[in-house]
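Assemble the complex: chain R is given as a structure, and chain V must be docked to it using the hints.
From first to last, the protein sequence lines stand for chains R and V.
Residue numbering for the first sequence follows this note's numbering, beginning at 277 and increasing consecutively.
Residue numbering for the second sequence follows this note's numbering, beginning at 277 and increasing consecutively.
Fair warning: there could be bad hints in the mix.
You can't tell identical chains apart in this list, so a pair holds if it fits in one copy or across any two.
Stated by the list, open to error - In silico PhoX-like links for lysine-lysine, alpha-carbon gap of 25 Å or less: (1) Lys388 to Lys499; (2) Lys288 to Lys333; (3) Lys652 to Lys396; (4) Lys371 to Lys426; (5) Lys754 to Lys768.
Read the hints as simulated data drawn from the structure, not as lab findings.
2 protein chains.
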Amino acid sequence: MTASTKYEQLLKHIRELGHLESSVALLDWDAETYMPSAGIEIRSEQIATLSRMSHEKMTEPALGELLAELEGNTDDDDAATNVREMKRTYDRAVKVPGRLVEELARTSTRAKETWAQARKERKFELFEKDLSRLIDLRREYADAIGYEEKRYDALLDEYEPGMRASQVTAVFDSLRGPLSEFVQQIADASQKPDPSVLHRHYPEATQKLWCRQMAEVIGFDFKCGRIDISTHPFCSGTGPQDVRLTTRYEEDFFNAATFGTLHEAGHGLYEQGLPTEHLFTPRGEATSLGIHESQSRMWENMIGRSMPFWKRYYAQCQIAFPDALGDVPLEKFYGAINTVEPSFIRVEADEVTYNLHIILRFEIESDLIDGTLAVKDLPAAWNQKMHDLLGITPAHDADGCLQDVHWSFGGFGYFPTYALGNLYAAQFFEQVRKDIPNLDQQTESGKFDDLLGWLRTNIHQYGSRYRAAELAERVTGKPLSAEPFLNYIRAKFSPIYGLG
Amino acid sequence: MTASTKYEQLLKHIRELGHLESSVALLDWDAETYMPSAGIEIRSEQIATLSRMSHEKMTEPALGELLAELEGNTDDDDAATNVREMKRTYDRAVKVPGRLVEELARTSTRAKETWAQARKERKFELFEKDLSRLIDLRREYADAIGYEEKRYDALLDEYEPGMRASQVTAVFDSLRGPLSEFVQQIADASQKPDPSVLHRHYPEATQKLWCRQMAEVIGFDFKCGRIDISTHPFCSGTGPQDVRLTTRYEEDFFNAATFGTLHEAGHGLYEQGLPTEHLFTPRGEATSLGIHESQSRMWENMIGRSMPFWKRYYAQCQIAFPDALGDVPLEKFYGAINTVEPSFIRVEADEVTYNLHIILRFEIESDLIDGTLAVKDLPAAWNQKMHDLLGITPAHDADGCLQDVHWSFGGFGYFPTYALGNLYAAQFFEQVRKDIPNLDQQTESGKFDDLLGWLRTNIHQYGSRYRAAELAERVTGKPLSAEPFLNYIRAKFSPIYGLG
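Pulled out of the complex, with its shape left as it was, chain R reads as follows (with noise of 0.2 Å):
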């Protein structure tokens, strides 16, 4: 069989893995969508047959072997994407031995209740038991797959391909000083914005047809997509040609749904700018859920948020809800919506401050990974730091460590792909104003195209042809720093709060 045949077998291979992790994709979004409330439970073993399925597949040894034979061996540069990309895939799922899946499946099955119940019942202890044995099974976890500087990296490494903790600890190390340190000056401005015209009511029909117009003008094609309603907003789908975004409508807050729908469009515009000839296969996916969150941040954050598009939007908006916005100057609901406010909850959390959450749960799961910090102290080492980080201290661990629910599932390693994003964001973000010197008179204009072209070009169209470290210093021609971040919103923030 020559290279190119085996090949041919590789994709067919994992093509039909796409095609059974996209149909739990499906059953997840659907789940969380428009199944009754009752379907639940079948759900459940429906997605866990079609996973271990799933398993199974990316397991069989002969893919295994095919992946040793076409190693080094392929014809072009896609194929050896493919390649590399389903040997770092399959790598990791042999190495944990089925027992440890298992057991991270059924611990985090009964984390996820008691830490729901903990939360509700503001007691820590609740939790702490499930919460120590799963940070036990990811140990485990990690020292199966293998790492060369920190136990933590190979548990990172699932979320944020390549990437180390020493990578992610110098970046944040840089950060975490003058980011404070302008959240102090902001809170010792005399000049504050006031937010509180976007807690007035908007209707949740109007929303609804505001939002998703909202995603059109920035360029989501809902011919090739949807924006459905879940409790927490999220991006999924079928490749590029079956995009699902979902968000959700507060009609005593504005935004919630505007700021969320932008978001998660932001994210949909990347999966509708892959490539659709790779769709399942490594070469067709994006490459980090840091470069993920890069797409979305600057779509919410840069764009959304900025004083040229809502010179272009905000007379629509006004019309949208007259009763809430009629009286409001652009000015003044230009501030509201960039009022900066240290607070407790990471998913409330402005673009200045949300930072500073990230960093303070990064260090905390390190800590917890490495064994230096014990389970017990979790709640008082959250709190000190948030003391440290923020200046305020949470009066109950529901607004302290008991927030998210990513520990609960043994999701170590996910919260800094957070940061990341922000950061590739601002990075990516100087690096197109550089590129496209009236952006900002284009974006005034509700003209999107150089910007969606930009991207296309320079992220979407490699899926995971580049890691994400490599893709950003192609593109920037600088490795990740949290420079242009810090620059970006120093010169957004100042004048807002009137700081020299």
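Below, chain V alone, put in the same frame as chain R:
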């Protein structure tokens, strides 16, 4: 290994099959309801892969061995049912060569397109070649499966297990004459209802709320199901706890959504009434398409088009659609929804003429499979039979032999189940009237608990425990016959048409 351990193994195997098949059902449902238009190509691939996996799982030799060992060696009645029905499905699946399955799939994919084109252009010749090929393949398919009396039996058995063409012929023969005669009497009647009010304006938004309420009043449980929109209404889902109905709204035709919803909700009530503890096994599944159709037709016609039902709901209906029905008295409305009129299109046919459409199709497809009718002579044969049975002749084949999709996917043997459904419904309903003497008063009070309870107890709870014919005989004390149906329509329609 003990027999009961083997049975556990069998259950595990067929439940996993169920997870795959029900995932395919959801992929299909989504394709018909929410999928963005560009998603269809990839969706077909997903479905093809999962269907192939499901076929592989269905034909695993290990499954055949398990079934062989368990046959006649089961602990209880439920196990015996599951072994019997799985063996039937397994035997059918392994007898058909993979080559034939693939060629059928390929040919019907093409045939669906040529059929659509032929129907659009009203040119039977465009479809003739693919139809001939499909008939040849289905004959080959039937021969692979085997049969005792007629080749057609092997096809019919797929939809109506255990039923034979000779039985269908016998019952249709006793139906054909009296029914044609009654249609003629109605055509000659001097007193006729006027259906024109059904074509006034019925706003879609109101119809949605109205139809949901109608489904709810007859007992459809929305915690365990939902209703959405699709071009061709259907009932699908994942077991009793997640039943998906669809309907379609026509603003200028009252019947489409209201009776369409009652019909699909009738199917849905059967699905919701199947025993959850036997989910994904034959014991927990509908026993035949004919029995399924009996449930939908009973709720749609015997309840939904009855005077007691509208005595209860017509005032509400007038309030919902004041412009269309405000000036229409109940009697006039009742006549309108029960208008009998020979017409060309099966799916638009009334209760009385409907079965004649089916008899026509059954006779023609039997002859096609037998080889006693040449494909090129199909249009002429159709038109002749249409004239003989209904006294009308279609002007072109789009209103004649090209109207239905079934043959284009090779679905020979499917049509009879529609008429069997009507006959089973009438026979069950005759028994219902004996067992619930005050049924009309209950219906007039909007109380359907007793009727639904009767269906649950006598039909739904049994799943595939009994084949259709056996079930009917157990429930009604006599074999399937056309008599109850003929009595039902004579009793109902004679007063409407002022017949003696």
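Exercise for the section: Can you give me the call for Lys754 and Lys768, within, between, both or neither, at a CA distance of at most 25 Å? Expected result: Only inside one copy: Lys754 and Lys768 sit 23 Å apart there, 83 Å across copies, limit 25 Å.
Problem - Copy assignment of Lys288 with Lys333, given that the CA separation must stay at most 25 Å - result: Close inside one copy (12 Å) and across copies (19 Å); limit 25 Å.
Exercise for the section: Up to 25 Å between alpha-carbons, please classify Lys388 paired with Lys499: within, between, both or neither. Expected result: This pair counts as between: shortest inter-copy Cα distance 24 Å, intra-copy 36 Å.
Handout entry: Intra- versus inter-copy proximity for Lys426 and Lys371 (alpha-carbon distance at most 25 Å)
Key = within (17 Å within a copy, 57 Å between copies)
Exercise for the section: Can you give me the call for Lys652 and Lys396, within, between, both or neither, at a CA distance of at most 25 Å? Expected result: Within one copy only: 19 Å inside a chain, 72 Å across chains, cut-off 25 Å.
Hint check: no violations occur; every hint is consistent with the structure.
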